[in-house]
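Kindly generate the complete structure, drawing on both the sequences and the hints.
2 protein chains.
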Amino acid sequence: MTRPTAPHILDVKLCMLGFGSVGRTFLAMLRDTEERLAREHGLRFLICGISTRHSGFLDATGMTAGDLLGIVHVGRDDLCGPAVPAEELIETCGADALIEATVLTPGGQPAAEHIEAAFRHGMDVVTVNKGPVAWHFDHLRRKAERNGRRWRFEGTVADGMPVFDLVENCLRSCRIHGFEGILNATTNFILEALGDGRSFDDAVAHAQREGFAEADPSHDIDGLDAACKVACLANVVLGAAITPDDVPRDSVRDVTPEQVTAARAAGRRLCVVAGGRLDDDGVHTGVRLTELPLDHPLTTIHGSALGLILHTDLMGDVFTAELHGEVQQTAYAVLADLLALYGRH
Amino acid sequence: MTRPTAPHILDVKLCMLGFGSVGRTFLAMLRDTEERLAREHGLRFLICGISTRHSGFLDATGMTAGDLLGIVHVGRDDLCGPAVPAEELIETCGADALIEATVLTPGGQPAAEHIEAAFRHGMDVVTVNKGPVAWHFDHLRRKAERNGRRWRFEGTVADGMPVFDLVENCLRSCRIHGFEGILNATTNFILEALGDGRSFDDAVAHAQREGFAEADPSHDIDGLDAACKVACLANVVLGAAITPDDVPRDSVRDVTPEQVTAARAAGRRLCVVAGGRLDDDGVHTGVRLTELPLDHPLTTIHGSALGLILHTDLMGDVFTAELHGEVQQTAYAVLADLLALYGRH
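Protein chains in written order, with my numbering: chain A, 4 to 348; chain B, 4 to 348.
No wet-lab data here; the hints were simulated from the structure.
Note that the structure is a prediction, hence the values are computed from the model and not measured.
All C-beta atoms in this analysis are idealised placements derived from N, C-alpha and C, irrespective of residue type, glycine included.
A hint or two may mislead.
[Stated by the list, open to error] Stretches of chain B that chain A covers, calculated by requiring three or more beta carbons in the stretch to come under 8 Å of a beta carbon on chain A:
(1) 174–181
(2) 242–253
(3) 321–329
Following this line, the structure appears as structure tokens:
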């Protein structure tokens, strides 16, 4: 944030850990909105470092997303150079903010250590990896505060669907005493496929062909992904201090097509509901197979959509949903966080 | 905003035009959250004037909501004194902000004139009356700017459901190119009652008994209320310059029970959809009877609930809903606007 390139334009230098589809889509979004970001938000983003497992990029002066994508596309490797260890990237690249977009690992490491290192080196952090928020929220929140840095994580729950931004900006005087959501599209898709008469294995294969499930979909199927999102929400909006290991969860592995069709016949829909509730005994959470009545708002969540109901004291129940939860929406979460950090207010 | 009563507590003086159920509920909310507002937001609100058609209240030093409600409850009139004309209140009370909560009148006057007068007298304005935003958005926006004042109106569309706050804070880098919503609970309720076999007159009477329809429900039934909300949305989020008179609208007056049941039999639901769309030809709007497929998110909007889908470029379609749209939610909108104006950021 040091070299104004034009009056009123703030240069913000970014570095990235992980450069999968979210990272690429995010850079394409930066490239495509460059003019809008400068004119309306007074910002220009420059990439000065990327670290992946197999390749890297380091350029302390920084490069626009458009320029960088040009090089990435013509380069013979994924990026321009050899792999740069994450620690080295954080120490040397001189970025204003780290975008942490590595894949989820149970325990949230080494992502949480990298975030802590970024705070120490004077960076703000945006993460789309749920692990650090799910397992280390309170620790990292304190580290950010102690270092005078800021930490945002809109992309950890339901891609770019406003959740934490909504709570922070639109429900700021409310107490939130619970939530329930459909926060994993893969299991939602599999349950619908079972209802269409497919076997479980066939439903999983179908979900994989349609891009809803990864090669190893066990994190989704067995509820770990949803439990991570529940832990993120419980820690951030209910003030809990839990990890995903504390969230009881149901797997869809043993659901039969008959269960889904029986629910349908009874005018209900079998869903995996990710919930949390704060009462006098503390915070109660779960990722639970639940039959919802058909007038329940969550029953309109289909395909790649995700939805969440927040139970509040002053504003009652507020429902929010993204109708398409693709990689574009996750990339948007990163941009939204960056604008919350550096945009004009 | 002049008399700090305690370290870090900002006193904000309010005056109110209109003191119906929203005004009373808002004061009760202020009273009940007084401690929270002081501790978490550093704010204390003092009421220094209220003007209704039949009675008034003026106290330039201001009174807390709790104290004022005590007097209002024991007083022999609605308020403590004789009616104070709106112009006089605005000129003399010395408030920091005007809360404009008078009832909707076609054309938006005299509410818009009062808002303009408030800007001239150095006040920010929060309105829950749709009229000024629906008929005079651009004019008042410029007046606010010219006077260095701020104007908020979250309560004009769907009570306290985050709409304008959502766009401003959570979708700030997006272009919004359209919206569709169920924004009038009365017609939604009447259509459901028709589907249950009631005649139109019976459905209206039922809606009145249940508190969904006013004594004269024609503004709802004939789509004016929804057209006002469409104009508000089109003006604010699509950059249109229209009034409700420009919004083509369907009345539910001529809908038969058979139409509703035929739609149901075809697996669809007949709804009044309030929509707007921005394309190369400009902004197109409407309040239209529409048969929605049952997997459409808006079909879960029942009873007092309201819902809105925003079509965006970067974030796809974002759906937001309030599951209960009572007077409490409208009062919350006023509080949300006040915190956006004066809360710590």
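> Can you name, in rising order, the numbers of the hints this structure does not satisfy?
Replying inline: 2
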